[in-house]
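Number of protein chains: 2
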Amino acid sequence: MQLGEVNTPALVADLTVFDTNVATMAARRPGLALRPHVKAFKSTALAQRLAEAGHTAFCCATVAEVEGMAAAGLGSDLLLANQVLETERLGALVVGGSARVTVAVDSLETIAAAATGGVAEVLIDVDVGMPRGGCAVANAGRLAEAAGAAGLEVRGVMGYEGHLMHVADTERRVSGVERSMAVLTEAHQAVGGDVVSGGGTGSWDCNQVVTELQAGSYVLMDTDYARLDLPFQQGLFVLATVISLGSGGHAVLDAGLKALAMDSGPPTLVGEGEVLYCADEHTVLVNGSWQVGDRVLLRPAHIDPTMAKHEKMYLATEVSAAGVVETEVVDSWPIDLRGW
Amino acid sequence: MQLGEVNTPALVADLTVFDTNVATMAARRPGLALRPHVKAFKSTALAQRLAEAGHTAFCCATVAEVEGMAAAGLGSDLLLANQVLETERLGALVVGGSARVTVAVDSLETIAAAATGGVAEVLIDVDVGMPRGGCAVANAGRLAEAAGAAGLEVRGVMGYEGHLMHVADTERRVSGVERSMAVLTEAHQAVGGDVVSGGGTGSWDCNQVVTELQAGSYVLMDTDYARLDLPFQQGLFVLATVISLGSGGHAVLDAGLKALAMDSGPPTLVGEGEVLYCADEHTVLVNGSWQVGDRVLLRPAHIDPTMAKHEKMYLATEVSAAGVVETEVVDSWPIDLRGW
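The listed protein sequences correspond, in order, to chains A and B. Numbering-wise, our numbering comes out as the position in the first sequence, counting from 1, plus 67. Numbering-wise, our numbering comes out as the position in the second sequence, counting from 1, plus 67.
Be careful, since some hints might not be right.
Each pair may be met inside one copy or between any two copies, as identical chains are not told apart.
Quick list of in silico lysine to aspartate or glutamate cross-link-like pairs, DMTMM-like style, CA-CA up to 25 angstroms [claimed, not checked]: (1) Lys379 - Asp403; (2) Lys379 - Glu153; (3) Lys379 - Glu238; (4) Lys379 - Glu339; (5) Lys379 - Glu212; (6) Lys379 - Glu188; (7) Lys379 - Glu176; (8) Lys379 - Glu155; (9) Lys379 - Asp272.
In case anyone wonders, no lab produced these hints; they're calculated from the structure. Here the structure is a predicted model, which means the values were calculated and not measured.
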């Protein structure tokens with residue numbers, strides 16, 4: 068099958084770019100020094116490729132992601148890097164022996180939930196500057212003691228410097244990550260354990276503290292991360308068809324905001340022309356020249372929620388606007404970790 | 068089951084509000100004077116309720132929606148109100164007798180696609196002021212002739228005044244709709260046929276031209292439409308759980324932008340407090356008082372893409388922030404028209 072025969076809208080991943088990005092990261096963060104975050108791509112088939120590249124421990128954002136990874140045989144070391152109160156489904160995986168599951172805790176309530184739900188291992192989640200989950204550094208040691216008293220194994224600490232992940236100014240990003248990781252180091256001294264987990268695609272080479280980096284977006288990237296000076300290339304596209312031409316010169320595509328996440332802005336057109344706006348099932352292009360039936364490629368602004376809108380991604384190599392119709396589809400990966 | 072026992076994040080619809088909204092619309096637009104747009108809710112179970120209220124002709128935005136409606140036995144009169152080039156799946160429904168399918172056409176290419184794909188009936192889609200699909204009014208008559216020459220039955224015209232749908236100033240909205248519908252009337256005179264299709268929730272009472280109104284959002288509404296002076300009430304919520312409390316006083320919910328569409332802005336919290344921001348799987352609240360484990364309700368800014376993020380919606384009556392935990396779940400409707 069060629070991309071010209073695929074029903075649109077469709078998600079397309081460039082396998083050459085994927086392999087290059089994975090190799091670039093693995094050279095710096097080999098094996099367990101990377102804990103790929105499956106929330107970025109929500110696909111066990113993609114995760115399997117990362118496991119084959121040596122990264123066999125994974126990071127998840129939802130219980131459904133943990134369950135799906137376990138069911139796919141990728142459960143040797145799964146971290147749910149969020150607070151969770153409904154822990155019974157996680158505990159069932161641990162008791163059933165299908166996965167090793169560690170959860171992030173930042174309060175007595177989440178410690179109690181982990182213990183009663185049957186989750187045996189935790190990380191103490193520490194606030195390193197982003198107003199989201201994570202305890203105050205001053206409380207990290209006390210929470211570790213409480214977790215131990217509840218019968219939980221404390222593997223170490225976690226702290227996600229998400230507020231710095233998309234800072235385009237490298238100097239500001241690097242110095243910010245240093246300050247955040249100084250907080251995490253302090254917490255680690257109080258908590259102990261082997262694991263210091265955190266970071267992401269934006270801090271892949273400047274986070275010198277974490278023992279495991281929680282990066283996921285790097286595999287295929289998006290236009291928001293592309294603003295940074297990272298060596299990873301964009302390899303994710305939404306393939307669309309021109310279905311209408313306006314008398315004013317605009318073109319209408321059959322892919323809209325139900326196929327493309329809009330939280331980080333509209334998508335970017337590959338090739339000549341610009342995106343005017345997106346509606347539910349349409350994207351309108353201007354400043355270019357198109358014919359009805361033309362196939363075009365859009366780059367999403369944010370990979371994670373765009374992946375979550377599709378049931379599968381088609382795989383091709385050397386995907387580009389020129390010749391997109393004749394590009395061979397080499398495989399497809401189900402996006403099977405959606406929902407909660 | 069009570070809402071306190073539902074795994075979060077979860078979509079919740081207020082059945083009382085739904086029934087009231089449906090009755091309000093049906094009083095003004097009874098039976099076939101309304102062609103409910105399933106893109107707003109993507110659920111055949113919800114559509115079935117509208118059919119029982121007398122609205123048995125439906126509007127769809129994707130081929131998958133048409134197929135799903137036909138499979139659910141709701142195919143007596145389905146309009147695909149978009150241009151489409153891949154018409155084989157639609158033609159198969161017509162040939163198989165499972166649905167009456169009409170498609171919007173606005174070019175010789177889409178006319179040819181309808182004819183070769185086996186779709187027998189079309190509407191001429193006319194640009195009434197929104198830069199999206201639709202031919203110039205001057206070309207409408209010629210396209211109708213071309214459709215007839217291709218063996219297609221031309222049922223009439225369609226023109227969607229979407230650029231006016233969310234104009235909060237009623238006077239501007241009303242006068243804009245009048246101007247747009249004057250264009251559609253001119254096209255109808257050139258094209259003929261019984262059907263003049265268009266409009267939406269925002270023009271439900273001021274569009275005096277269409278024979279059938281394509282409204283969908285009115286059934287449960289969203290905060291973007293709530294800015295207008297419409298009689299329809301908001302009945303759609305995302306139920307979330309407080310999973311973490313920051314030392315700065317913020318609360319973290321387990322529902323984020325993968326559960327809530329962001330194209331029309333962040334969601335609104337029901338009750339005391341405000342939304343600071345949304346991340347993939349989190350929403351952060353400020354200016355309120357919460358405990359870990361609290362359940363809260365968020366109102367989405369845009370109903371259509373929010374529905375598309377969930378597999379089902381739970382139904383309850385008189386949903387409100389106070390007492391949400393004890394609110395009985397009376398049923399759930401699958402959101403079974405997702406994808407393409």
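Hints, verified against the model:
1. Lys379 - Asp403: Answer is both: 8 angstroms inside a copy and 17 angstroms across each meet the 25 angstroms cutoff.
2. Lys379 - Glu153: between (28 angstroms within a copy, 19 angstroms between copies)
3. Lys379 - Glu238: Result: close neither inside a copy nor across copies, 38 angstroms intra and 45 angstroms inter.
4. Lys379 - Glu339: Neither way: Lys379 and Glu339 sit 27 angstroms apart in one copy and 40 angstroms across, limit 25 angstroms.
5. Lys379 - Glu212: neither (44 angstroms within a copy, 41 angstroms between copies)
6. Lys379 - Glu188: The answer is neither: 33 angstroms in one copy and 32 angstroms across copies each exceed 25 angstroms.
7. Lys379 - Glu176: neither (37 angstroms within a copy, 29 angstroms between copies)
8. Lys379 - Glu155: Between. Shortest inter-copy distance 22 angstroms satisfies the 25 angstroms Cα cut-off; intra-copy 29 angstroms does not.
9. Lys379 - Asp272: Close neither inside one copy (31 angstroms) nor across copies (41 angstroms); limit 25 angstroms.
Hints 3, 4, 5, 6, 7 and 9 from the earlier list are contradicted by this structure; the remaining hints agree with it.
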